[in-house]
Amino acid sequence: MVENDNADNMQEFMQEQVNKVFELWSSKLKLPTIGPTYAFSKDFSSFANDFVTLGKAMVELKSNMDSYWSLMSAAYTRAMRSTIEQSPMQLATKEDFENYRRAAIEAFEDTFTDLFTSSEYSEIYGKLFGSQLNISRTVQSIVEQNFKMLNLPTRSEVDDILKDIVELKRTVRDMKRSVEARNDQARFAI
Amino acid sequence: MTKQDLQSDQKKKEQENIQPPQSQPEEQIKREPTLAEEILESYRKLEKARDILSTAGNVGVGETPHEVLIEKRAYRLLHYQQMVSKTSRTPILVVYALINKSYVLDLQPDKSWIRSLLSQGFDVYLIDWKAPTAADKYVSFDDYVNCYIDDCVEVVLKKNKVEKLTLHGYCMGGTMSTMYTSLHQDKVRNLAVIAPVIDGHKDFTVIANLAKNMDVDKMLQVMGNLQSEQLYALYLTLKPFKQGINKYLNLLQNVNNEQFVGNFLRLEKWLYDTPPIAGETFRQWISDIYQKNLLVKNELKLGDKIVDLSTIKVPLLNIIADEDHLVSPQCSAPLNDVVSSTDKRLMRFHTGHVGLIASLYSQNNVLPKVGQWLMARSQ
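Same order as they appear, the protein sequences are chains A and B. Note that our numbering numbers the first sequence so that position 86 is 86, with each residue one more than the last. Our numbering runs 1000 ahead of the 1-based position in the second sequence.
Simulated from the structure, these hints should not be mistaken for lab results. Some hints could be false.
Heads up, simulated EDC-like pairs for lysine to aspartate or glutamate below, C-alpha to C-alpha not over 16 Å straight-line [said to hold, decoys possible]: (1) Lys-1239(B) - Asp-114(A); (2) Lys-1247(B) - Glu-98(A); (3) Lys-1164(B) - Asp-1151(B); (4) Lys-1242(B) - Asp-110(A).
Construct the entire structure; sequences and hints are all you get.
Structure representation (structure tokens):
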């Protein structure tokens, strides 16, 4: 229990220190944004911020990955213990091996299903998945900057167009249905 | 020793040489294989299993004769060839889920849900969803329910010259059929659903557990559609050792059993034939149905319409599996409590999610009862 608290404190402390370093560098990278260096300093500062964010996301991912593997490793240990308890003492015959296989499958299945349906796993998996998404999002943002520099449409811009197309399709669908309904009514009236 | 004795002795020896002792062959059969022989046999089985698995994609599925009535970017509407001369008046439109492919309902002749319905005298149509592309990222349940399903319903009604049909959905397709019935009840005569997701908070499966803490808004923004790889990773957490490891060990043991191998391959092909899911649809599925539980609260919005399950008055058949590890029976069963139908039935079977639709158990125990219920309401 005390060991766990110490580990948590250490993790918090490390995270705090890393954040401080990132913040320090972020402030140093802010160049003057006037005069002929305006465009350069604007892009540079944006890139620098993205890389700082990426670094933070990676630290976050590492921390979540550690928690995830710690859960998996604990479950593995439990499953192995349970396998040993349930399996034959000696592995002398073919039947013994078969019984061992059965016991191992049962023990691992039960232990890992319990893990995957636990709230702790759900929470840690959610965080891990979230931090992976944060990394992807930051990388995408860096790539988008490059696209902008080349005057190419970015993914966000294409996304907006896709959204518009889907909205337009829905509007056309609703209009078509309302015209059909009116035509049907007119036919009945005649 | 006389010459005669010698001759008879010689004869005896010859006979012994010609006819070996009778007990010898039995001993040979009973003899346990040596370790070397066992290793060799295991190696042979392993090689054969490797060959079998490498050809898994070629195995025939979905072979019940059908025609493609319409084909759009998002779906194909299939019409199955009738198997009996007289069919029921009300056609059945099967709405498959957006996860994996619809041929699980017609996996092989002796385990085909579709074929069984046809042989019981129903006119069967099926919506076969196509894989969404990156351009379909913002396609939502509104599009699936109010556009694609509605279009298919219109085609079936026109073709059969009837005003109403039976809507028959499986899993996520069951949920979509329920949504559709709530919004377009005038076109539905019966609603028959298999393992639908209704009350997300009563789902105790791994999927529901993972859904609780999934940031699906961010996921939509970053990833767009939910890719097959993510779904495979999810499948690995469902019965990870019985499905993930034991089934391959069973294949090794039964590698010379043609029927076993055939069944195994068809199911294996289906399991790994996973198209992506449209991003916005997946976002709604996780956020609105699992996290916020809007469907059972009658607060789910499709476009500008609210899905109110209490407005459903058509006859309802809800088929659920007690051993379902993908949709808890407790999650599907509340549908019967929230609808206003007076004619409603909950059928529970002691099997799993796939066993409910694609097994001999299903052919012998589930389908006769389902067919009977449908037939009584389809004339």
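Hints, one by one, checked against the model:
1. Lys-1239(B) - Asp-114(A): holds (11 Å)
2. Lys-1247(B) - Glu-98(A): holds (15 Å)
3. Lys-1164(B) - Asp-1151(B): holds (14 Å)
4. Lys-1242(B) - Asp-110(A): The given pair, whose Cα atoms are some 10 Å apart, holds under the 16 Å limit.
Of the hints listed earlier, there is not a single one the structure fails to meet.
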